[in-house]
Amino acid sequence: MSRNENGAILKIEDLIKKFGNFRALDGVSLEVDKGKIIGLAGPNGSGKTTLINVVSGVYKSNDGRVIFNGEEITNIDSHKIVHKGINRTFQIPKPLLGLTVEENIRVAAVYGAKDKGKIEERIEYSLSTIGLVDLRFKKAESLTSTQQKLLDLGRALATNPKLLLVDEIAAGLTQKELKMIADMLLGLKEKGVTLMVVEHLMGFLDMITDEVVIMNAGKEIFRGSIREASNNEEVIRVFLGG
Amino acid sequence: MRKFSALIVFLFLFVVGFSGIAMSKEAPKYIKVGTLYASSGPFAKPSTAEFKGLNFWVHYVNSKGGVYVKAFHKRIPVKLVAYDDQSSTATATTLYNQLITQDHVNILVADFGSVLTSVAVPLAKVHKILLFDVTGTGSKFFTPDNPYIVLCSLPTSGRWPYTLADFIISEKINRIAIVYSSNDFDQSQAVTLHNKLKKAGVDIVYYHAVPSNTSNYSIILHNIKAKNPNAVIEFGYPNNDIAFLQNLESSGLKFNMVFTVFPGQLFKLLKANVGVKALSYGYTYPTPPLLRYNKVNLGMGIDKFEKEFEKYSGKTPNFLNIAGYNVGLIIQKTLETSKKFNQLAFRKAIAGFSGKAFTLDGLFKVNKEGAQIGEMLPVAQFVPRGQGLKMNIVYPPSMKTAKAVYPAP
Amino acid sequence: MYRKKGIIYGLGITLLVIVLFIFLPNIYNNTSFLFNLMLYMALAEGLNIIYGFTGYLPFGYVGFFGAGAYSAALAILFLHFPPLIAVLVGGIGAFLIGIIFIPLLKLSGAYFAIANLAASQALYYIVANPNLEKITQGPYGISLANIYNPQVSYYVMLSILAFSMVTVIFIRFSDYGLALLSIKEDRVSASLAGINVPRERSIAWGLSSFIAGLSGGVYAWYVAVFYPTTVFSLEISVFVIVFVLFGGIGTLVGPLIGSLVLYSFYNFIGISTPQYFQLSYGLLIIIFALFIPNGILSIFEKRGIHVP
Amino acid sequence: MLSYALIGGIMYGLYFGLVGMGLNLIFGVMRMINLAHGDFIMLGAFLTYWLYYLFGFNPLIVIPISIVVFLVFGFLMYYVFVPKLLHSKDPEMLSFILFFGVSQVIEAIIILFFGNNQISVPSTIFAKLFNVSTFTLFGNTFPISWLVVSVACIVAFVLIYVYFFYTKLGYATRAIMANRHEALVSGIDVNKVSAIAFGVGIAAASLAGVMGFFMIGAAFPSMGTDLTTISFTIIVLGALGNPLGTVIGGLIYGVAIMLMQTYFSSWTNVLPYLLLIFVILIKPEGLLGKAVRNV
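Residue numbers (the working numbering), protein chains in the order written: chain Y, 1 to 242; chain E, 243 to 651; chain R, 652 to 959; chain D, 960 to 1254.
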């Protein structure tokens, strides 16, 4: 498959995000192809999470453009980005703790999707995808952290995303849980959802991604397969902390 | 059957009629006097003082076997029902209503000052009970369509500066500075004084309002000094006057004439807070007990009152104690002269002795709307004498005890 | 299903409250107490919308109340509106002030509480300023003595209470309420659930200020004579917050119970032992904060009883 | 007139820095709003009055006494209230109510014991002590008591600065302010350190009470509410949660008040609040606060 067979669903152009004098994103450009799973890796502080935050509208960028499905969405509000079809999960899950599992999903299903029909169906679909049907009336605060991660994912799914940004979902999971989540993400890809997965665990990325992007100091330094990455000098230097 | 129902109706009418007659004939066991006071909050100090004065009156009349009620031709003891409104108008509303609807008081006495009196005015009107207003001088309370209010103690505040204005004009003092707190009480005085002086062609070089909770006048005093006035008039609440006089003393500034309101009402409080030196050569409106009214035709004269009050409470009375007691006297006279025991008759009785009754608080005289128009407040000056102060009345000429020391040395 | 049941129970409770306040004056005719009780209940429900559901503590809630009282009074004095319309003008006046204050919602936690307090104080000092005497009558206060009507205003207050309750019912048992709760939990997650956070919270803010304004308007009518301090007293804010927290936030019944219990107790000690009024009330609040921190309704919730 | 207002405003502002200090310290450490803050200022004033009339103590002697008394009082009060509060769902909001109750109780007790009166110590007490009644700064004459209060405030600020940045305790306190949880994990006795900070906050409030007679006139039982509100304004103007930012907040407040009194006296009260709203919307963390990152 060539890269441009389906066209890019997301284009990031020269994105800059500053915190004071620190440039968390230093002119990063990136394309994500429709229907693929792209991995995003890099050392701590390389700007992966910041990139997700900017794309999902949580942070406003200082310069550069974000284009989704050919439409510029730079720095518009999160909820509008959600309505366009982008959603995300958090590294530290942020479910609505005081609400029940079902309410968490419901509010996203009602407010998150452009198409207002089939709300109940979408709720059931999300609940069953993340496997929390039995816990639907439990408060989110009583869930384990893994269940909270799943709920975060379920909240995103209920909004019918076309592009899903997954931020370090694998950290701290058991092997069994890893496998389950990997299958879940691959299942989403089957359904036509494009995914961008930020991850430290290369093994996990290897399981699911078509391609990886390596970032360092707010810039893309490599793009290609994981195998190629492990042979790339710059990538090795960056990861060894040179 | 028809007979039976006729009997029932007859019996019913009989009982109703009889009880009606009984009600109007039979004297109550007590005269219930209801009032509110504030034990906390911004009005607590003056409110509790007035309450104490009223309490003294109750204590005193009851020791004589009660108050004489003309409608029943006998003495009836007084029972005081009092609640604490904590200086809150919302609470006061409820409690006034409690007094009217639950306790069915015969006499309703307001709490201190305009703010806490305000909520009682419409309530009294709609329940048709006469409100004995102690010191609520708000001009909005007194309207021609409301017979259910009588202001017992002080003239409405807009009338207070009449003599002060005359004094300034007669002494030919020019260049006046007026600073006042932005509240009903002080602003109405400032406006009156300003207009009267302007009319007489007196220059007003400084005329500004400050918030009522102003507690530091250092800068204001300095700014006033920059205008070089011959007299500084400060209208405020006790807190304002205290801060003003304290700041004046520690600033080292001198003016030819300084006037403040409360030294004349709360002399001891002011003396304790600002000291003798800060009050020396200062001017004020003197009120009893600084004014000694002994020739009275209602209640005790000031000398006797001071003695009795001290026996009762262990403290020498201040003006607010006297105002509280004075309300008692007005109630007493009302009951003594009212031919019928109902609220409108009370109001009529008051109109009857208005302008004739002279108490230790001065002449009691109300207009048709119930507002006090009795004696004007004179102007007094404190002069040092030994370790303490002597008060001289400097205006009007009819009451004058000494010539004003002007300019202050 | 749960929602339908909730709405039915909620409306039932509303009906009960209405019937109760229609009949209570026959048994206990201190209508001022009953009026103030309804007033605090309505304000508590109004505050509940913005605090209980959305998580913004409006320390300066009284600002809306005062704005409502003054809007209504000025509509009567200058435009000669009939009192009923003027009460509505009170609501609208407060609502407009609410719109002006919308930028405050960008803040959170203590910042919001303090900024809102400052806003209400600023409003108070502006209304009370002698320079605006021609409009607001400044420190002289307002007199509406000629339209004073405690009977009619009593029932108007009751309908405002009912309105505030119905509003809360429909928030609590709707997706909109869920959206507000999401905003309270986490604004970022809420916006990622697709909620237009600024819009939804502004609507809640508007409703909340509208209810306070209506209450202020009818209060102005009911007391007829008042000063700026009367309707901008911080004590009103503090009372309402304490009532809501005491009852339990985010429910229909909590604020009602909080107001009923605490305000009745407040008046009870005020009438029975006035000399220890402040002390007993202060101690009561401390004890409750230490021992039932999540409100009375939390006791039921713990036992699995869900309260509408 | 301008220079008088500015210099006077700075001295007045130093005092208000002290007024807000305690509230901010407690907020910084506990994230709690001490609604009884103003009542502790009032208590400081009553203590000063009481010691003056009973034993003739000069307020300068009362300073160390009130610091010790209220430090201990605050320390104990922390243990009575705070640990319990922290277990609740929303300590920040619950503390609000709790301290409202505390404020009511303090006011009620003072009224029961002292009656409901305005009280003062003579405003010329320092003039008599130092035998000079005024001093001149850049051609403007001020009461000597202002100088005494300003010096006392500066000394207090320096001491708090030393406590914060040059003691182990201060280091631990700052750690807790930065992140209570991490401080706990890293082995700091969070409760003890917080209790001391709480005590320092209360003591700072009482100190403002001792000095209050010379800046804000007579003291009275219900003065607390207004002072608490003003303190809020000051600490937000400076930096909420950063005690030393309070000094800047106080200075802005003091100068603003004095300028307003000079040029638009009747609007004096409105300005600080408008200023506060303005600052809070432009820079919510306060003029000196650091930018906070979301998420």
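Any given hint could be a false lead.
As the list claims (entries may be wrong) - Chain E side only, calculated, beta carbon under 10 Å to chain R, not exhaustive: (1) A362; (2) S381; (3) I446.
Stated by the list, open to error - In silico negatives: residues of chain R with every beta carbon more than 12 Å from chain Y: (4) V817; (5) I943; (6) I956.
Keep in mind that the hints were calculated from the coordinates and are not lab data. Note that the Cβ used here is the ideal one computed from N, Cα and C, for glycine as well.
Verification of the supplied hints:
1. For the restraint placing A362 (chain E) at the interface with chain R, the shortest Cβ-Cβ distance is roughly 9 Å, inside the 10 Å limit, so the hint holds.
2. Residue-level restraint check for S381 (chain E) holds (minimum Cβ-Cβ distance to chain R is 8 Å; threshold 10 Å).
3. Interface hint at I446 (chain E): violated, since its Cβ lies 16 Å from the closest Cβ of chain R, which is beyond the 10 Å cut-off.
4. Every CB of chain Y is more than 12 Å from the CB of V817 (chain R) (nearest about 22 Å), matching its label as outside the interface.
5. Even its closest Cβ contact with chain Y, about 19 Å, leaves I943 (chain R) beyond 12 Å, as expected for a residue assigned away from the interface.
6. Every CB of chain Y is more than 12 Å from the CB of I956 (chain R) (nearest about 16 Å), matching its label as outside the interface.
Figure legend: structure checked against the earlier numbered hints; the only hint not met is number 3.
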